[in-house]
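Could you put the whole structure together from the sequences, leaning on the hints where they help?
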Amino acid sequence: AQSVAQPEDQVNVAEGNPLTVKCTYSVSGNPYLFWYVQYPNRGLQFLLKYITGDNLVKGSYGFEAEFNKSQTSFHLKKPSALVSDSALYFCAVGGPTGGFKTIFGAGTRLFVKA
Amino acid sequence: GAVVSQHPSRVICKSGTSVKIECRSLDFQATTMFWYRQFPKQSLMLMATSNEGSKATYEQGVEKDKFLINHASLTLSTLTVTSAHPEDSSFYICSARETGGGAVDTQYFGPGTRLTVL
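For the protein sequence lines, the chains are A and B, in the order given. The first sequence begins at 3 in our numbering and counts up by one. The second sequence begins at 6 in our numbering and counts up by one.
Some clues are possibly wrong.
[Stated by the list, open to error] In the DSSO-like style, the derived pairs of lysine-lysine whose C-alpha atoms are separated by at most 27 angstroms in a straight line are:
1. B:Lys71 / B:Lys46
2. A:Lys103 / A:Lys71
3. A:Lys60 / A:Lys71
4. A:Lys103 / B:Lys19
5. A:Lys24 / A:Lys103
6. A:Lys115 / A:Lys60
7. B:Lys71 / A:Lys103
8. B:Lys46 / B:Lys25
9. B:Lys69 / B:Lys19
10. B:Lys46 / A:Lys24
11. B:Lys71 / A:Lys60
12. A:Lys60 / A:Lys103
13. B:Lys25 / B:Lys69
14. A:Lys79 / B:Lys46
15. B:Lys71 / B:Lys60
16. B:Lys25 / A:Lys103
17. A:Lys115 / A:Lys24
18. A:Lys60 / A:Lys24
19. A:Lys71 / A:Lys115
20. A:Lys103 / A:Lys79
21. A:Lys79 / B:Lys19
22. B:Lys46 / A:Lys115
23. B:Lys60 / B:Lys25
[Said to hold, decoys possible] Some chain B residues well away from chain A (every beta-carbon gap over 12 angstroms; in silico):
24. Ile17
25. Ser23
26. Lys25
27. Gly58
28. Lys60
29. Gly66
30. Leu79
31. Leu81
32. Glu92
33. Ser94
34. Cys99
Quick caveat, the hints were computed from the structure, so don't treat them as lab data. Yeah, the Cβ is synthetic: ideal placement off N, Cα and C, and Gly gets one too.
Right, dumping it as structure tokens:
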């Protein structure tokens, strides 16, 4: 069975500082990993994904994530946070092993203070 | 990028009535669509996988007779909440997986439908 964990309910960071939102996963086979962002009362917006290739994946809005197979992690990062980055972030795992169903983590709320 | 729409965005209904929510892929064909439910301050819970031209596959614990899913075309899936009750109040989100070519491994999400049952 596939699963994904986001150990932090909330992350607080000052504007201009780097941010990291953590994610670990458990899958059989090669993982398809995703990050999505959700703003209040809105659907999810795709940020980035890892399927294969370079472990460092660059995505939308300056976000990037690093796939680490040995640690089964896929942490989301941004070098310099913006207040507008404040939102709910979901890590997800999917792919052909699970019939392309996407399983979401519990979500991490990011607060960026000016 | 690919766009998925949902209609309505918000619906309020009386207990016992049925509500239909539409999910459309606007600029791509989607063999597979997914329906999720999200409670306040919680993650998305997959309810069912909707495949065009065949019966939906429901996740464990989801009542298929209560949440009717129809995927009649490659661009439209509908979720009907039958005999809705207040506990069905939630945020329902659909997603569509692009068919063939391009990013077939990426799901595109609709904006969600807020259902409130009085």
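Now the hints, each set against the structure:
Proximity of Lys71 of chain B to Lys46 of chain B is assessed by CA-CA distance (about 24 angstroms); at most 27 angstroms being required, the pair is judged to hold. A C-alpha spacing of about 21 angstroms is found between Lys103 of chain A and Lys71 of chain A, which places the hinted pair at or below 27 angstroms, so the restraint holds. A hinted pair counts as satisfied when its Cα atoms are at most 27 angstroms apart, and Lys60 of chain A with Lys71 of chain A qualifies at roughly 17 angstroms. A distance of roughly 32 angstroms separates the Cα atoms of Lys103 of chain A and Lys19 of chain B; the hinted pair therefore is violated under the 27 angstroms criterion.
Distance restraint check for Lys24 of chain A and Lys103 of chain A: the Cα-Cα separation of roughly 21 angstroms lies within the 27 angstroms cut-off, and the hinted pair is therefore satisfied. Between Lys115 of chain A and Lys60 of chain A the alpha-carbon distance is near 24 angstroms, which keeps this suggested pair within the 27 angstroms criterion. Our distance criterion of 27 angstroms between C-alpha atoms is met by Lys71 of chain B and Lys103 of chain A, whose separation comes to about 21 angstroms. For the suggested pair Lys46 of chain B and Lys25 of chain B, the alpha carbons sit about 24 angstroms apart, so the restraint of at most 27 angstroms is met.
About 21 angstroms separates the Cα atoms of Lys69 of chain B and Lys19 of chain B, which keeps this hinted pair within 27 angstroms; it holds. A C-alpha spacing of about 18 angstroms is found between Lys46 of chain B and Lys24 of chain A, which places the hinted pair at or below 27 angstroms, so the restraint holds. Annotation: proposed proximity of Lys71 of chain B to Lys60 of chain A is violated, straight-line Cα distance about 41 angstroms (limit 27 angstroms). For the suggested pair Lys60 of chain A and Lys103 of chain A, the alpha carbons sit about 23 angstroms apart, so the restraint of at most 27 angstroms is met.
Among the hinted pairs, Lys25 of chain B with Lys69 of chain B is consistent with the structure: their alpha-carbon atoms are about 14 angstroms apart, no more than 27 angstroms. Taking the CA atoms of Lys79 of chain A and Lys46 of chain B, the gap is near 22 angstroms; set against the 27 angstroms cutoff, the hint holds. Between Lys71 of chain B and Lys60 of chain B, the direct Cα distance comes to roughly 14 angstroms. Compliance with the 27 angstroms bound is thereby established for this hinted pair. About 23 angstroms separates the Cα atoms of Lys25 of chain B and Lys103 of chain A, which keeps this hinted pair within 27 angstroms; it holds.
Annotation: proposed proximity of Lys115 of chain A to Lys24 of chain A holds, straight-line Cα distance about 19 angstroms (limit 27 angstroms). With a CA separation close to 16 angstroms, the supplied pair Lys60 of chain A and Lys24 of chain A stays within the 27 angstroms bound. Between the alpha carbons of Lys71 of chain A and Lys115 of chain A the distance comes to roughly 32 angstroms, so the proposed pair goes past 27 angstroms and is violated. Simply put, Lys103 of chain A and Lys79 of chain A have alpha-carbon atoms about 25 angstroms apart, close enough for the 27 angstroms limit, and the pair holds.
A threshold of 27 angstroms between alpha carbons decides the hint, and for Lys79 of chain A with Lys19 of chain B the separation of about 44 angstroms lies outside it, so the pair is violated. Using a Cα cut-off of 27 angstroms, the hinted pair Lys46 of chain B and Lys115 of chain A holds, with the two alpha carbons roughly 20 angstroms apart. A C-alpha spacing of about 17 angstroms is found between Lys60 of chain B and Lys25 of chain B, which places the hinted pair at or below 27 angstroms, so the restraint holds. Even its closest Cβ contact with chain A, about 15 angstroms, leaves Ile17 of chain B beyond 12 angstroms, as expected for a residue assigned away from the interface.
Non-interface call for Ser23 of chain B relative to chain A: holds, since the shortest CB-CB distance, roughly 23 angstroms, exceeds 12 angstroms. Look at Lys25 of chain B: its CB is around 18 angstroms from the nearest CB on chain A, clear of 12 angstroms, so calling it non-interface holds up. No Cβ of chain A approaches the Cβ of Gly58 of chain B within 12 angstroms, the least distance being about 17 angstroms, so the stated non-interface status holds. Every beta carbon of chain A lies more than 12 angstroms from that of Lys60 of chain B, the smallest distance being close to 14 angstroms; the non-interface claim holds.
Against chain A, the non-interface label of Gly66 of chain B holds: every CB pair exceeds 12 angstroms, the least being about 15 angstroms. Leu79 of chain B, annotated as away from the interface, keeps every beta carbon of chain A farther than 12 angstroms; the closest lies near 16 angstroms. Every Cβ of chain A is farther than 12 angstroms from the Cβ of Leu81 of chain B; the closest lies at roughly 17 angstroms, confirming the non-interface assignment. Glu92 of chain B, annotated as away from the interface, keeps every beta carbon of chain A farther than 12 angstroms; the closest lies near 20 angstroms.
With a cut of 12 angstroms on Cβ distances, Ser94 of chain B stays outside the contact zone with chain A, its closest approach being about 14 angstroms. Residue placement check: Cys99 of chain B does not keep its beta carbon more than 12 angstroms from all beta carbons of chain A (closest about 9 angstroms).
Going through the hint list in order, the structure does not satisfy hints 4, 11, 19, 21, 34.
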